[in-house]
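For this one, chain E is given, so just place chain H on it according to the hints.
What follows is each chain in one-letter form.
There are 2 protein chains.
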Amino acid sequence: MRIATLSIGDELILGQVTDTNAGTIARALLDQGLRLQRHLTVGDNELDIMDAINDLGGANDVVIVTGGLGPTLDDLTAHAAARATGRRLVLNEEARDHVRAMSGKLASLIVCPLNDKQALIPDKSTLIPNRIGTACGFHLICNGCFMFFLPGVPSEMIPMLHESVVPFLLERATKRPHISFMHFNLFGPCEAEVDDLLTGIARPDLGLYLGICVTFPWMRITLRAEAVSDAAADELLAPAVRTVRERLESYIFSEGAETMDEALAAMFRKSGLTLALAESCSGGMIAKRITDVAGSSAYFLESAVTYSNAAKERLLGVPVALLEEKGAVSSECAEAMARGVCRAAGSDLGLAVTGIAGPDGGSPEKPVGTVFIALATQDGCRSERFQFHGSRDEVRIITAWTALDWLRRYLSGAQ
Amino acid sequence: MRIATLSIGDELILGQVTDTNAGTIARALLDQGLRLQRHLTVGDNELDIMDAINDLGGANDVVIVTGGLGPTLDDLTAHAAARATGRRLVLNEEARDHVRAMSGKLASLIVCPLNDKQALIPDKSTLIPNRIGTACGFHLICNGCFMFFLPGVPSEMIPMLHESVVPFLLERATKRPHISFMHFNLFGPCEAEVDDLLTGIARPDLGLYLGICVTFPWMRITLRAEAVSDAAADELLAPAVRTVRERLESYIFSEGAETMDEALAAMFRKSGLTLALAESCSGGMIAKRITDVAGSSAYFLESAVTYSNAAKERLLGVPVALLEEKGAVSSECAEAMARGVCRAAGSDLGLAVTGIAGPDGGSPEKPVGTVFIALATQDGCRSERFQFHGSRDEVRIITAWTALDWLRRYLSGAQ
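Taken in order, these protein sequences are the chains called E and H. In the numbering used here, each residue carries its 1-based index in the first sequence increased by 77. In the numbering used here, each residue carries its 1-based index in the second sequence increased by 77.
The hints are simulated quantities; they were obtained by calculation from the structure and are not laboratory data. Quick caveat, the model's predicted, so the values are computed rather than measured. Hints may contain errors.
Any copy will do: because identical chains look the same in the list, a pair fits if it lies in one copy or spans two.
[To be verified] Straight line, CA to CA, 20 Å or less: simulated EDC-like cross-link-like pairs of lysine to aspartate or glutamate: (1) K194 x D272; (2) K194 x E268; (3) K347 x E332.
The shape of chain E in the complex, shown without the other chains (with noise of 0.2 Å):
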């Protein structure tokens, strides 16, 4: 089953509003085993929404399409479809009853004048009930291709796609595969270094299918096995699953859709250690990182950031001889401050980060992205020299990464 989805909006064919409806139908679909095939969207143009429709209806076995069904001048996906599939726009009672019962509801959240344009649809289509708004979608069948229309907004659009077309797929779809998932969430090596981990696991043949998709400064694998029934995918995937975790053991921060803030947060909560922090170039940002987690004023006691050297002095303890032999951005220094943070907050943990964010303020000793990472324990203090590359944004987001990972490396016991 060829299945292709159109979004319709001037907003979205001009980037002014980013299309979240495309992504939601197929997860709505790959969850049932079904899978998208092409994705197009146009803008409120009726001769482009025709042509969109022919295309698609053209090579595929259905099409849903979303937007361009409200009351407003601009919305003309009806119109469109009626051309498109050489059929009348015709009033149809039961979506005039409908537009009227919720225009009357809703008047009380949003004053909208009663329009019966929102009723006319093609002759010979089925109308789709949206309980959430007056637009109603419908659904036609045009030269063997299922063609179902559904409004943009997407609270109004998700249950539609749930209630009606989904059932109406799976009703039809008799030859679809069952579906297993695993993602698993990693930190640490290169693509082209994992590509290498993975070889020979995915086997499309078998259909076991293995994706990499990386999101800056981490990346996710995810394990996907098509089968001719539930159990058949668990079995074809399990292998895999297990093979994954073994090589790439010590880069996986999570499973599912865990986030790496998330997971250290279990393992603090597990542990009953505490955390204090100190930052200076990360200014913030691995605070901000572990209080984004619900329930963190149960580990997490301080972080007190230092931008100033003497802030540093007067809240950490860093000798002021230190930060003038050694420099704020050295491993002494970084050591200082875990140490200073953690006898001051009576934490278990320190924590301390210090380098040189840039753009400015790099040396040939320490050049921009140079940045020393200290913690310290019950069972004394280390720290590492990082060199990282690029914006000042990106030294930042990967400094803050690294951090989160030696918490989550020293609690997993792994160093």
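Quick look at chain H alone, frame taken from chain E:
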């Protein structure tokens, strides 16, 4: 000039990653008076890519393709482009040297093996340089259609778009309208209020357009004038710009591409004042945003991210009695934090934030979303209570925005 875009990637067509490249390209074109006609997305499947290139190439003057130029086996774009346009895939020496040089440069960040696959491009095509990463782009002409192939990673694609693709199109687009733009960036009012304040400014009949783009928690108003010459467009735009400035003055934090953080940084540099922060519920977000801007060390001294009461007492001198009597989430505590950090850091300004970000910790008197912000200056200290709504993330984001807007208004003399 009919222009189409094509995004390639399984992660896009399966809905695992939201495509932002299409919107980025559409906006870059619109800035130059060029309009995107059609956008298509397909997965990492050679036949699908070939079909897409053929379909779009046959119906458009320009096709801009992104994605699928990486080093891994599922990166099929160059191969599919060669087959679709009837060319051989050849090793481009310039591209090979570039891949090797960039791999070396990036090696210390993330170790990547050399990979010559990225240097294979279709015969009779022109290399598009990539300053940021290893993946070279290329450009070819097929049956009169100009086709550009760029990597999908936005940080690499965007400079290539602006440096190579846009200038090429401008040379050839003879009949594009002359366009003048102005963006206004606002914080504070809701969309309906802004809509109301802007009544009557847009004149589509004259070629004067107005757009509102809401990006939680701020929004952007765009005025666009289209005319037969640059001078005519400027003339059409100027009175509308004045009207928008008059009507929305107190809400506009910047014009053009300047962010809130950059606007605030410029005001700090001009004022010569220094700043220290005391953050509780914002957890370092405000410090992170202030230090996002290069050169912030000139006025930003430190932030005490005091999640625990002990840290509020020790670092900021908030009296235990006050914490016990009024609670950490109170105007008294916020003011004590602001004064405390100002005194300790010796800064001109002290800004403090304390509140309940949720999802837990609320009470009938102080529900989730209750936030106190205090600003200590040489003229004294004042605080205000806010009641924000939304998720933990949303409460924290709007808290940081409101605090930064307070600083902006103070420095601009608006309050």
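Cross-check of the supplied hints:
| no. | hint | verdict |
| --- | --- | --- |
| 1 | K194 x D272 | between (52 Å within a copy, 14 Å between copies) |
| 2 | K194 x E268 | between (49 Å within a copy, 14 Å between copies) |
| 3 | K347 x E332 | within (18 Å within a copy, 48 Å between copies) |
When each numbered hint is compared with the structure, no violation occurs for any of them.
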